[in-house]
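Since chain A is already given, all that's left is putting chains B, C and D on it; use the hints.
Protein chains: 4
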Amino acid sequence: MLQYYGECAIVSYFSAMPGNTIGQSLVLTTYGESHGTQIGGILDGMPAGIDINLDLVQLALDRRRPGQSHLTTERNEEDKVTFHSGLFEGKTTGTPIAFSIPNKDQRSKDYGQLKDVYRPSHADYTYDTKYGHRDYRGGGRSSARETACRVVAGALAAQILPQISVKAWVSAVGPIALKVPTADLDLDGIDAHPTRCPHPETAGKMEAYIEQCRSEKDSTGGVITAVALGVPVGLGEPVFDKLQADLAKALMSINAVKGFEIGSGFAAAEMRGSAHNDAITEDFRTATNHAGGVVGGLSNGAPIEVRVAFKPVATIGKEQNTVDKDGKATVLAAKGRHDPCVVPRAVPIVEAMIQLVLADHYLRNLKYTR
Amino acid sequence: MLQYYGECAIVSYFSAMPGNTIGQSLVLTTYGESHGTQIGGILDGMPAGIDINLDLVQLALDRRRPGQSHLTTERNEEDKVTFHSGLFEGKTTGTPIAFSIPNKDQRSKDYGQLKDVYRPSHADYTYDTKYGHRDYRGGGRSSARETACRVVAGALAAQILPQISVKAWVSAVGPIALKVPTADLDLDGIDAHPTRCPHPETAGKMEAYIEQCRSEKDSTGGVITAVALGVPVGLGEPVFDKLQADLAKALMSINAVKGFEIGSGFAAAEMRGSAHNDAITEDFRTATNHAGGVVGGLSNGAPIEVRVAFKPVATIGKEQNTVDKDGKATVLAAKGRHDPCVVPRAVPIVEAMIQLVLADHYLRNLKYTR
Amino acid sequence: MLQYYGECAIVSYFSAMPGNTIGQSLVLTTYGESHGTQIGGILDGMPAGIDINLDLVQLALDRRRPGQSHLTTERNEEDKVTFHSGLFEGKTTGTPIAFSIPNKDQRSKDYGQLKDVYRPSHADYTYDTKYGHRDYRGGGRSSARETACRVVAGALAAQILPQISVKAWVSAVGPIALKVPTADLDLDGIDAHPTRCPHPETAGKMEAYIEQCRSEKDSTGGVITAVALGVPVGLGEPVFDKLQADLAKALMSINAVKGFEIGSGFAAAEMRGSAHNDAITEDFRTATNHAGGVVGGLSNGAPIEVRVAFKPVATIGKEQNTVDKDGKATVLAAKGRHDPCVVPRAVPIVEAMIQLVLADHYLRNLKYTR
Amino acid sequence: MLQYYGECAIVSYFSAMPGNTIGQSLVLTTYGESHGTQIGGILDGMPAGIDINLDLVQLALDRRRPGQSHLTTERNEEDKVTFHSGLFEGKTTGTPIAFSIPNKDQRSKDYGQLKDVYRPSHADYTYDTKYGHRDYRGGGRSSARETACRVVAGALAAQILPQISVKAWVSAVGPIALKVPTADLDLDGIDAHPTRCPHPETAGKMEAYIEQCRSEKDSTGGVITAVALGVPVGLGEPVFDKLQADLAKALMSINAVKGFEIGSGFAAAEMRGSAHNDAITEDFRTATNHAGGVVGGLSNGAPIEVRVAFKPVATIGKEQNTVDKDGKATVLAAKGRHDPCVVPRAVPIVEAMIQLVLADHYLRNLKYTR
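Protein sequences, first through last, are from chains A, B, C and D. Just so you know, the first sequence maps onto residues 1 to 370 in this note's numbering. Just so you know, the second sequence maps onto residues 1 to 370 in this note's numbering. Just so you know, the third sequence maps onto residues 1 to 370 in this note's numbering. Just so you know, the fourth sequence maps onto residues 1 to 370 in this note's numbering.
If you are wondering where the hints come from, they were derived from the structure by calculation, not from laboratory data. Idealized CB from N, CA, C, for every residue including glycine. Treat each hint with caution, since some may be false.
[As the list claims (entries may be wrong)] Calculated lysine to aspartate or glutamate pairs in the EDC-like style (CA-CA distance at most 16 Å, straight line): (1) A/K325 <-> B/E282; (2) D/K325 <-> C/D283; (3) B/K328 <-> A/E282; (4) A/K325 <-> B/D283; (5) D/K115 <-> D/D128; (6) B/K115 <-> B/D324; (7) B/K328 <-> A/D283.
[As the list claims (entries may be wrong)] Sample of chain C residues with no beta-carbon within 12 Å of chain A, all distances over it, derived: (8) R65; (9) G67; (10) E201; (11) S215; (12) A279; (13) D326; (14) G327.
So that you can see chain A by itself, here it is in the shape it has in the complex (with noise of 0.2 Å):
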């Protein structure tokens, strides 16, 4: 233990929150909180001399923002993102690149009423216990407007590796699944829809199920679906750093994901070997796909497919049974706007973080080969 010379005592101190980094060769730090005056971040690792769209850096964005249909929360946040350093002329100067996005609603006043109250399946609770604070206005750092941050981060990585295209949609809202297997899905149509679901008739069905729950103050969970085309074979490393533990704990960081799968995911565990395993053809592909493109760890060109869960969104108008902060039960009715279902938004957040993840993988491979 720590021991001083003289009269000096040791400070205590509450914790701090790490853990705002992810990547390896390709690094991505976040900051800011909900409500204050701008979140952005600094991705590190850019290789030199990339051309940039910065067009579709503020498109990924725009599919991510609040009140971009019907659908969403009313929030009519216009997120729009500036760039400070690691370009010029349109080009990556392998500099770190920085960016920032303004808040710009924030109506606090609409969050008064849970200052007080520990509100059910939030980190309320838990923040107080832990850090001695915390941002009931909307949640700091466990926001989902963190969120926007890595859609931007995700953008750039993608532009690393033009070659390789990563599609999500929307695969289940509530009890409305999609039934239609990948290979007859139009991947071109997922933004035809509001709720990014590529199959019109099951996507009308979800819609209606969406605004069900907000007519009944309630929400409801989903399902995104997302492939990667053109991976090259070999990226991932064999031991901890297998690609799909990777894709994993990037996917499980979005906020209000429970469950991950990858190619044939929880029903292989129904399989039997001689049903599962991906045939090998003379071109050194395989017949099926049940791997989701990932074997030891590694790539194997096929494409990559996952599956990302995700809870209802937890801030509902109906009534809820909680307790404030000295333990009293009370009943909490919130106010304020939030989506009845997340997933739509979060399809671009789904997809910035499988870039980042093959970025990262492509740009540590690349390591020893010429």
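Structure of chains B, C and D alone, referenced to chain A:
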């Protein structure tokens, strides 16, 4: 790009296999190929002065070893761990704990048939492509033998946290699923049956199914469920290092794992917020535990509950279509001794990875608390 | 090596410039080019609930800024730092502290002459070779302007450790060396003279020498000495992360530094053990401090004392022989406003790096202590 | 702060001793106490397919071992390294290379007198304070025995870079300094004399001085100079991971080192810019090398030249004033076999740390180059 004075040329290499390290405050690095002389590891960051019961470590290892029951591979490897540093008179000294396990039963001849063939759903082709070679005798670093080192480290990590109890069990084998709620299971009886399913009736059915798969030269997948009891409030960080994200990475890094869920998992996607939210009671606990013990990325004091899906073992005796190194079609019927179902032996591995993640976050979290 | 399905080619890049991060528990990442719109950084890992005096941060920055005295460059950059996150009502919240400093006075025209010339003892040629470009307007990331961000972070870090006092001063300028023992210096009077030498007579001679160098269109090197008082016993780790090793890395990462000493430094090489050993007294202190406050890699409670050597500024008005981008011999006499001697302005940078290392090790060390 | 459900209390620990790892792309972790059964390490990140000559590794180790000449300690430890993984048929496989060295000659009785006494200029008191215990038998992790593992790793790292030659030699012992310019030395003759000074006349004087110190039961410090030839242009990063910063950290982490210089070092502080600048010649080389091979944090292709100062060995036979564990004054005259001067044996350690840093940066730098 690098440039030299004089005549020197840049040397070109095949890739290394980094990523042999996990953890931040409690750091495990493993080494060793399945068919080398030994495997082992270094566990760095163990605080000084902790009582260590080495019998508990060997016990955990015995639960993972091949040949422990009629359900597993016939290889009878007696895995004996030796410690080389970091322990003195039954206590940790704070220095790195190094350990090794000899590889005894290396019947390389069993693997001769695999020298020139790429096995379906194995990483043979990706290894050859990325590293310029592969260890056809048993996978080298991609072999599940590496997980013996994780079990050693997990059993050490668990002794930092005597107040936390981590229990894993087999909850599904192929189509045979355990339907009994966790609260009604006898978690002290997990090892009573070789399947490690703590419900005798279901365990019997699982056993019969595994035997059937073996007799048909086939294999089956399965699911392991795990709980951690006694976890303090506040483990985890709010952004990328959410507790569920680090658990997901650790568990998805186990060979053959294809899916991960925490709490309600994929079922959450079908639920309404009003049904999913865990009401907070007057003792700051929760009436239900759909969260699985984690809110906002931090433990909330409720039991942490996760589920992990394992695909069926890829190496089977049945004939499969594949190709050789030259891409020529061939048929493979694997010889050698392989488990028809790995989940009973994977139970201590799942426990170990959870123990490592919890101990790591516990030590990270102690940082500023006094 | 990477191999692709289909037609995709591997893209080849120039290097990135990673390594913009320092620290383990208290982590600083900086960004920004000398001639971009702003520079800034993120300081992650500040415990929650610490009182922060922002005036002390600006004060430290003012001590580093150009144009603060007649001895420094004539550029009068008013460096005003703005904070974007991590602070609320005068206290840290535990979240990352992001900050930025606008670049105001960018007279790029001064640099036009350097576009095609490789300056002696600058990294122009190595940058062009490694990154495929360089920022001739002022060095980009290699510019000492980046150190302003270190000063901000150091002044924040210092407020974790109010019991520790870090003081640096100029102890040599060219051949003019301060011969007075540290114990006899008035360390509160460092800023009384623009040279930041706390001995008025020596300071006067240094000032005259710097003016002479300027008048001769030349520059001079110098030495900064620093002490840290009130450091608790036990900071540092015994092997690679010895306290002196991390101090050396931090201080040698400052532009223009060519040497580092702790305690007796190079003089120790000439001494006998019987003369060098610091006898331990009955209060567990030491009678002398040749160790400079660190034994076995750990602080022993005595003052930490280090010395840092700065080379003369490379950009001078005098004519020098060099080559242009095509390797053709040319003569360069640099225009623009450059310090003839950087050590007076480097004093707060040295203090900042020491504060960052001590705070980082302090937080690392608190891990298991209660 | 952590809070628990139920009755559990937070456990309080003494510190761990982390920091046993160095490097980023080429990562060395070491373990083992001086009086345990063995020491060893894991070197992770070696690319696959590199030819390794194990005799060169043992040769490097033999140059470090005690008892190799009449100038060193009389302990005759035969350090034989064994490799456990990562090598196959004379080549690296890309997997982690684990190795160990048995501790043979552990005469613990020599250390009995030190059990209750705090040795001057040792970390006994700081260890007891921080870790709650110390290994009085020989320092545990703080013992220089740990450096044998560095020598093994350095000798492996060197074989990644056959085009680079790293040579270190003794350039001062106490007041006896080598005055001959590096260019005039026979660097192939370093091992011709037991002092490892490549200038026979100076070597003889050093030898006599060391013998005199031994006969007076005293010790002496010294200086090691090292050069690296054939280093490509562009190793290092511009900000915190400057090549000289990482070299300084690596070399200052060697036991007993008190000072580090690169190129002109402290002499630079006395020089004018016009004299110090290295003029660039038409082949993009430099006419002089005051930079010591590094500009702007990056190697420029010129020889890298560094100097490292070692303090005299603290354990001496002469009587010294100190205190026991209770703070009571006592007199200590150390028994046992200790080197009067460590610098001859430290030569391979200095070389190893430089080889590790250069190989690490080489592999980091290859990342994006093709």
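Status of each hint after checking the structure:
Of the pairs offered as hints, the one joining A/K325 and B/E282 holds, with about 10 Å between alpha carbons and a cut-off of 16 Å not exceeded. Of the pairs offered as hints, the one joining D/K325 and C/D283 holds, with about 11 Å between alpha carbons and a cut-off of 16 Å not exceeded. Simply put, B/K328 and A/E282 have alpha-carbon atoms about 6 Å apart, close enough for the 16 Å limit, and the pair holds. For a cut-off of 16 Å, the pair hint linking A/K325 to B/D283 stands: about 11 Å separates their Cα positions.
Taking the CA atoms of D/K115 and D/D128, the gap is about 12 Å. The hint holds against a cut of 16 Å. For the suggested pair B/K115 and B/D324, the alpha carbons sit about 9 Å apart, so the restraint of at most 16 Å is met. Restraint check for B/K328 and A/D283: satisfied, since their Cα atoms lie roughly 9 Å apart, inside the 16 Å limit. Against the 12 Å criterion, C/R65 stays outside the reach of chain A, whose nearest CB is about 20 Å from its own CB.
The beta carbon of C/G67 is kept farther than 12 Å from every beta carbon of chain A, the shortest such distance being approximately 24 Å. Every CB of chain A is more than 12 Å from the CB of C/E201 (nearest about 32 Å), matching its label as outside the interface. Listed as a non-interface residue, C/S215 keeps its Cβ farther than 12 Å from every Cβ of chain A; the least gap is roughly 36 Å. Interface exclusion of C/A279 from chain A stands, the closest Cβ pair being 16 Å apart, more than 12 Å.
Listed as a non-interface residue, C/D326 keeps its Cβ farther than 12 Å from every Cβ of chain A; the least gap is roughly 21 Å. For C/G327, the non-interface assignment is confirmed: its Cβ lies about 22 Å from the closest Cβ of chain A, beyond the 12 Å cut-off.
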